[in-house]
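From first to last, the protein sequence lines are chains A, B and C.
If you count by this note's numbering, then the first sequence holds residues 1 to 664, one letter each, in order.
If you count by this note's numbering, then the second sequence holds residues 1 to 664, one letter each, in order.
If you count by this note's numbering, then the third sequence holds residues 1 to 664, one letter each, in order.
Honestly, I wouldn't trust all of these hints.
A pair holds if it fits inside one copy or across any two, identical chains being indistinguishable in the list.
With a straight-line Cα cutoff of 16 Å, these simulated EDC-like cross-link-like pairs (lysine to aspartate or glutamate) come out [as the list claims (entries may be wrong)]: (1) Lys228 <-> Glu121; (2) Lys552 <-> Asp656; (3) Lys158 <-> Asp195; (4) Lys539 <-> Asp367; (5) Lys88 <-> Glu49; (6) Lys414 <-> Asp252; (7) Lys147 <-> Asp218; (8) Lys478 <-> Glu542.
Calculated directly from the structure, the hints in this document are not laboratory data.
The lines below spell out each chain.
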Amino acid sequence: MKKELLLGAAYYLEYMPYDRLEEDLKLMKAAGFNVIRIAESTWSTWEPEDNVFDFTLLDRMLDGAKKYDLQVIIGTPTYAVPAWLVKKHPQVLAETRNGRGLYGPRQIMDITDPMFRFYGERIIRKVIEHTADRPCVIGFQIDNETKHYGTASPEVQKAFVEYLKEKFRTTDNLNKAFNLAYWSNSVHRWEDFPDVRGTINGGLAGEFEKFQRKLAADYLHWQSDIVKEYKREDQFIVHNMDFEWVPFDPRDPFSGYSYGVQPDINHYEVSKCLTLAGTDIYHPTQDQLTGAEIAFGGDSIRSLKQDNYLVSECQAQGFKQWTPYPGQLKLHAYSHLASGALGIMYWNWHSVHNGFEVYWKGVLSHDLKPAAVYHEISSFGNEWKAVGSRLLGMKKTNKVALVTDNVSLTGLKKFPMDWSLTYNNVVRWMYDALYEMNIECDVVDVNALETDRYKMIITPAMYSATEETIARLDQFVKDGGVLVSSFKSFMCNEYLSVYPDSLPHNMTQCFGMSYDQFTAPGTAAVKGHPVTGFAELLKVDEGTSLASYEHKYWGRYGAMTKNDYGKGKAYYMGCYTSKDVLKELYRQAAADAGIEIPDLSWPLIMRSGSFDDGRQVHFLLNYSQTEQTVTCPFERAVNILDNKEYKKGDTIALKDWDVVILER
Amino acid sequence: MKKELLLGAAYYLEYMPYDRLEEDLKLMKAAGFNVIRIAESTWSTWEPEDNVFDFTLLDRMLDGAKKYDLQVIIGTPTYAVPAWLVKKHPQVLAETRNGRGLYGPRQIMDITDPMFRFYGERIIRKVIEHTADRPCVIGFQIDNETKHYGTASPEVQKAFVEYLKEKFRTTDNLNKAFNLAYWSNSVHRWEDFPDVRGTINGGLAGEFEKFQRKLAADYLHWQSDIVKEYKREDQFIVHNMDFEWVPFDPRDPFSGYSYGVQPDINHYEVSKCLTLAGTDIYHPTQDQLTGAEIAFGGDSIRSLKQDNYLVSECQAQGFKQWTPYPGQLKLHAYSHLASGALGIMYWNWHSVHNGFEVYWKGVLSHDLKPAAVYHEISSFGNEWKAVGSRLLGMKKTNKVALVTDNVSLTGLKKFPMDWSLTYNNVVRWMYDALYEMNIECDVVDVNALETDRYKMIITPAMYSATEETIARLDQFVKDGGVLVSSFKSFMCNEYLSVYPDSLPHNMTQCFGMSYDQFTAPGTAAVKGHPVTGFAELLKVDEGTSLASYEHKYWGRYGAMTKNDYGKGKAYYMGCYTSKDVLKELYRQAAADAGIEIPDLSWPLIMRSGSFDDGRQVHFLLNYSQTEQTVTCPFERAVNILDNKEYKKGDTIALKDWDVVILER
Amino acid sequence: MKKELLLGAAYYLEYMPYDRLEEDLKLMKAAGFNVIRIAESTWSTWEPEDNVFDFTLLDRMLDGAKKYDLQVIIGTPTYAVPAWLVKKHPQVLAETRNGRGLYGPRQIMDITDPMFRFYGERIIRKVIEHTADRPCVIGFQIDNETKHYGTASPEVQKAFVEYLKEKFRTTDNLNKAFNLAYWSNSVHRWEDFPDVRGTINGGLAGEFEKFQRKLAADYLHWQSDIVKEYKREDQFIVHNMDFEWVPFDPRDPFSGYSYGVQPDINHYEVSKCLTLAGTDIYHPTQDQLTGAEIAFGGDSIRSLKQDNYLVSECQAQGFKQWTPYPGQLKLHAYSHLASGALGIMYWNWHSVHNGFEVYWKGVLSHDLKPAAVYHEISSFGNEWKAVGSRLLGMKKTNKVALVTDNVSLTGLKKFPMDWSLTYNNVVRWMYDALYEMNIECDVVDVNALETDRYKMIITPAMYSATEETIARLDQFVKDGGVLVSSFKSFMCNEYLSVYPDSLPHNMTQCFGMSYDQFTAPGTAAVKGHPVTGFAELLKVDEGTSLASYEHKYWGRYGAMTKNDYGKGKAYYMGCYTSKDVLKELYRQAAADAGIEIPDLSWPLIMRSGSFDDGRQVHFLLNYSQTEQTVTCPFERAVNILDNKEYKKGDTIALKDWDVVILER
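Excised from the complex, chain A in its bound form:
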């Protein structure tokens, strides 16, 4: 792998309406591209019939890449199965809550099915074997945006019962753990265990989803092990992890963007089988471009291995909602770098002319001619040749961790706070408030959390928390840490059973308060801001109320609290309200944690990092369509992009959607 920032695109010679490989590679090269990702979508092209293989197009792409000095990432093509396989073995299609689907979409197979595994393994071996020796191949992507696809076949369910047996040993323990006595759901012989797809038991349903996420991670580990048999030392294994997808408008379920924690696979489990973390990040743009999704996604993926990561996919034009304003593509690109990305790859090189994602446009529009989008990418692509080496391998060491958890996500899906308030809404509310204040953080899966790395830990709606996690966080505060928790934290154990004592469970001393009532907020407000979705009525004990509810009856209860506990501080936000209120709390908490908050805030974003050689860089990003100025806060700094020098107090001007990178 070259010592350069990666810039490239997914490329599909298979989809081209006419032969233009040379022209495409020439255009890429001219734009400063140095990498393409190929092969990951088109199993039916590589294996047109059972056991008949045809790598003609693959070889042509590899030959071309060599000729134009482009690096290549090879994807295993397993996420979309060929028609002949389904014709031959219909059971490879996953059986879900909705029964067995029809062939057509991608990601519809049962990833556990032995027949799928047999054919999958064969094509993986063939593709990797065929390409691993090529010098231009720098790494492999296993599968694509893998999830469990709701797999719930009889075999999967049998495996689930085995998993439960191993975990609980007796049906009595099982019944107790999930309160299966409720509505007569208890089982007293393992063979009576019913089809879990019908269960109304939130805990059991949550456990099954946990099991399904494990199946998905196991599947990627299996792929990784196969690839390892072939790959060279210098080749990486990557996977493009994605996020919960939310539509712009519920009436158009296709167009949307990366929003929050992925419900259907656990990134941390996956990351263990990768040598490089990768991610697909898509985000609103035009007037809706805030940079928050780029930062959230990057902070999440970087924290998996506490290392740089690859943006495997990001948007060139994408949907009509994403047609970029001048300057925005450049801002996107530098924003990814500002989070610690090794580089970015567009999905995809050329807009597709038929199929499904015809209006998920690539670097080239349907006319396949270089135009505005190509030219803007080309402009910073060539800039990277000059400045890339000064940005490669930037490290970040954040003192703040925001902790996420798929189990809590599932829990609050089964037991919603409000139709308008999901787990990820709370995660993004707490993340975005930090982001807008320019408090940088890691976004850490609860299973990966090392509390001693951080001075301040934030738990958004950590509905499910084991006794062990609770004890660690309690100790973190005792030892001098600052904890900021939201409502619905520390309520249930890992089986989504509400702890049957004072809430937040085992944290009432830490927070100096407890509650036994919560309510729809009605007209309640806090600090003048309306409360929406959910409110806990906090009974403040040792702690201090930072604000009570403004409400005739709930005025006697706290809405947000603070407590001195051991050597640390514990903050609790009891309700969902304006980010402004949360920011006020953060300001106090950050001060307690000794974290300095920059004197600028969104739409002006500053993100920083450092290099092994001691250099520090600060990305200044203007997320607005108006010009902005910043007063240089550093003694002396140079803008990497134009080598202009600034001294403390100098005015730094940023045009609309502009970037300045100060190096110290």
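Once you've looked at the hints, dock chains B and C against the given chain A.
Then chains B and C, alone, in the frame of chain A:
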């Protein structure tokens, strides 16, 4: 049964996360509770495997009840089937319009299935046999909120065809009754009768729903007959009838409240197999507490047997939307008594920690500690020890009947007036206007109507009415009664076939008007109030128009009419509009009927009753968060709750959500 | 067939609650009716059991028609199958994307199923044979509002593969045509072709819908061929073609109206097997009556054969939303004539008392008595006896064609512009703007387009266009025509594959512009009007920008353009915005085309035609509830309806919803 108001809760030792039976019973006793309902949810606990029975927990609850002098209602546990039964006999799951479901939820079985009946009968006999001799057991609840659950298996359909044969004898009669010739649906041999689930014929579909309601009632009669074999003379048989459930927000289908007439079973049919009518009433609270649902539900259930009834379930905290303001729980409780309840039972004692209804909270929150809700209940619970005997067995004799009908409900579901205007909307509109004016009424199933009990009869949207019913109402007016009917009354026969002559059928003389056109209201108004949803264009004949439409083209038609007919009066409300307009009509009608309307109105509610010893009581209920005063309308009265005496003209002060009970 | 305007209704003796045939026919006759349509709905009446036929009621209707001198149209009763047929041969029910349905609704059969065809042919032959000799029978309607009903059985799919084989010969060609390589969907042996119901490939899905439309048309051709074996020379074959149906409110899917191009059958293909085009047109009325649907439907159906057509069904009262204001029924009727209808027939004579369409009311309300609706129809019905001969056989020769295309409709369903912007929205936007300006046009299926008939051609969102169509339109402009195209025209080939070169494909010279970007409009405006749904960013080359976007970043792009090309002009509207902006463009385009625009506009509509004898007539229609005046634009004209004479400059007064027919 003790001569006390009943106060209690559903109790589930089976659901407890740890053993605390003694503590729970002690807390109940201290709060003034005197009854618990047990056993009705957990068949799989009592019969963990086929023909293996385990009543350990049941016995412990009964022993505890005895020790703490609590009375017990035993429920038959049939509404939630165990997993082993479904595993063994999958056909016990109902086959509905959507096919056969998966195991998990309650109330998913085919209540007619012989296999279900076999196992159901066995567990009923075992449970009743095991408990009937216990002196603390005062009665039995058969099943729980029973409905037909859409059962439409081939066997059910065969029975339906038999039912049709018996009713119509020939296919010609059948075709004629439902106009099956329409769209080629006629059958000319019984064996050609198709799967009724697909029918588009509104009449036939309605007839099938009528048949399904009958199956549900038959099922409860069957359970009652079994229980009668075991029960003592002094033990009652109750069933907890519920109402149409509407969600607070369609985006959250679970949280909602008791709204109107139950579509899926006929309460009157059910009541014949009960010795005590019971009901589950849930209602909006906090700022939305009006008392209307408590009154509507009570007036409906009381009228089934013209006797006192039991509130088998009502809300302690329930959903987050129901977290009560201080004073509201007391107001709820006295409001139930004001409608003639024998007492109330909360669902449930303790909040459940896992399962499905985790956030349908009970008297105790998840921490299982006495707190605000417990303390408020405890306060009036202990008050009842002092004053309960003065309130027990209150009788009501109302002069007004509001007549309801499931067939009309079904009819207006098949043939909607408007997506925004259901049968129950009209029922509640006409009921709530009475309620707000403090005109008390019975809510009477059309099959139970005895016209000579009443001076004024109200028919909301009685879309389906037999010739016999129509003749009786006509006679009622002729004999001096006052009839108030809304639009869409007297339009169809019992098969939902529109009567093919002047509408309202056979009532055009009675009302002195007819109509042949109706319309979407557009911009039409009546007395300045906009008309919404539906409007009939009344051609006034002998009658008097009380108001014409305010509209360029419909102005020539009446919107509401009055007619002198025989010795009585007949009012007709031709459109849906503001309750204010309806109240104006009611004021005239009540005057005609010689019914006095109190000089106070919602949020001040007065509900009255009398006792065998000649005492009269008047509940004054303040449904608002502001203090209110009432001028005592009685010569001399004593507030039962504080023994304060008032004379005519005295000012009676009520705090927010307060209750005063005047005894004369 | 008499030389009279047709006036009549669908009549169903089969649905009558009691015998009143004589009375009905007498009432019809008195109202000026001269035709009824019978028999088309009630197969189960004519064939109560397999191979048992009973035409008693049919004969009675025919005898009655003879007696009362009414003409009769006989419908084949095939669109609603009898229960016995489904019982005997369940496979006659169509298997669709949702599996096989249940018996009950109409139009649920597999129109290709050999068993259905066997029984269908038998009943058609029986009915036609039985009636063709009757002198009163003037024609036959084959089936009813036929569509493909989603038929996708294994047999249909086999036929589809044969169709593909014939079209593409090799799987390679197939894969290429639809880019099946995308997501591994390519097939390399025909036997691997998967169940097409699951495909995500928009092109392939579109091709299957095209094939399904062909099946539907083939089915009608088959019926027509059977009827031809029996019918007399003087008897016509008609079919009642309908339009895309949109609901008034999505919460009430039943009530709606005829909106735009029919997606599920191609009218032009159908029309070839008819001797008379027929149509069912339903439209908003009351305050929403604009006349646009009557005009759009009429212009579409008239253009199929460039001849007069029959309104087979239109509304008397219909839904509650359609209860007509006084004068509106007359306005409806004359509006149909103004588009070239031979006459109109109401659906239906009498309101049905049970079934499904109980509230799709007929000429008589449920009371079956003549009332307001009957009397208004009767009034102009009798007028027609006097003036009908002066209106019969009016011809229209329009110089403007608006071109429609089901393939583009399907394409924009698979690849939507926006959830709020369908193909038919664009069609109606472009049609309605013409209509409101009183520019009359033909609405022409692209397959029927003869460019040399027209001076101006309009293509709304012609997403799919063959090379041949594009070449013809290019030539049309070169030769002096005026072309007006909207965004999304000329984007894809007939397989919905986007053309991989500059867009609009092969029309960039013609329009003098191209584009490679499009966008969600955000805050963009054009000429002060907000743009919604979709906007193309036009790069103006040889052409002239008529307006640029009002937007910080898109201001550099054209929003609407004009170009001189050859001897003609080409206009392009690049975005969806107010009709006012479009009208401004039309004004210029019409001037270029030498088309005179009348000096009046909606709510005053003028529609014109001419007769073989040289007379010209101009219908003046007042679509408003206020009186209007028009200054007579003709030297001398006589109002056919009252024989009043007007000279140029005279004031012609129209009452609310009034009609004047000027004859020159």
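Checklist entry - Between the shortest in-copy and the shortest cross-copy C-alpha distance, which are at most 16 Å for Lys414 and Asp252: within, between, both, or neither? => result Between. Shortest inter-copy distance 12 Å satisfies the 16 Å Cα cut-off; intra-copy 24 Å does not.
Checklist entry - What label fits Lys147 with Asp218 when the C-alpha limit is 16 Å: within, between, both, or neither? => result within (11 Å within a copy, 45 Å between copies)
Next on the checklist: If the cut is 16 Å between Cα atoms, do Lys478 and Glu542 qualify within a copy, between copies, both or neither?
Outcome noted: The answer is within: 15 Å in one copy meets 16 Å, while 75 Å across copies does not.
Checklist entry - Given a CA cutoff of 16 Å, do Lys88 and Glu49 count as a within-copy pair, a between-copy pair, both, or neither? => result Within one copy only: 11 Å inside, 42 Å across.
Item to check | Copy assignment of Lys539 with Asp367, given that the CA separation must stay at most 16 Å | outcome: between (64 Å within a copy, 14 Å between copies)
Checklist entry - Given identical chains, is Lys228 near Glu121, meaning Cα to Cα at most 16 Å, within a copy, between copies, both, or neither? => result within (13 Å within a copy, 62 Å between copies)
Item to check | Lys158 and Asp195: within-copy, between-copy, both or neither at 16 Å Cα | outcome: Answer is within; shortest intra-copy Cα gap is 10 Å, inter-copy 29 Å.
Item to check | Identical-chain pair category, Lys552 with Asp656, by Cα at 16 Å | outcome: Answer is between; shortest inter-copy Cα gap is 11 Å, intra-copy 47 Å.
Violated hints are absent here; each numbered hint is respected by the structure.
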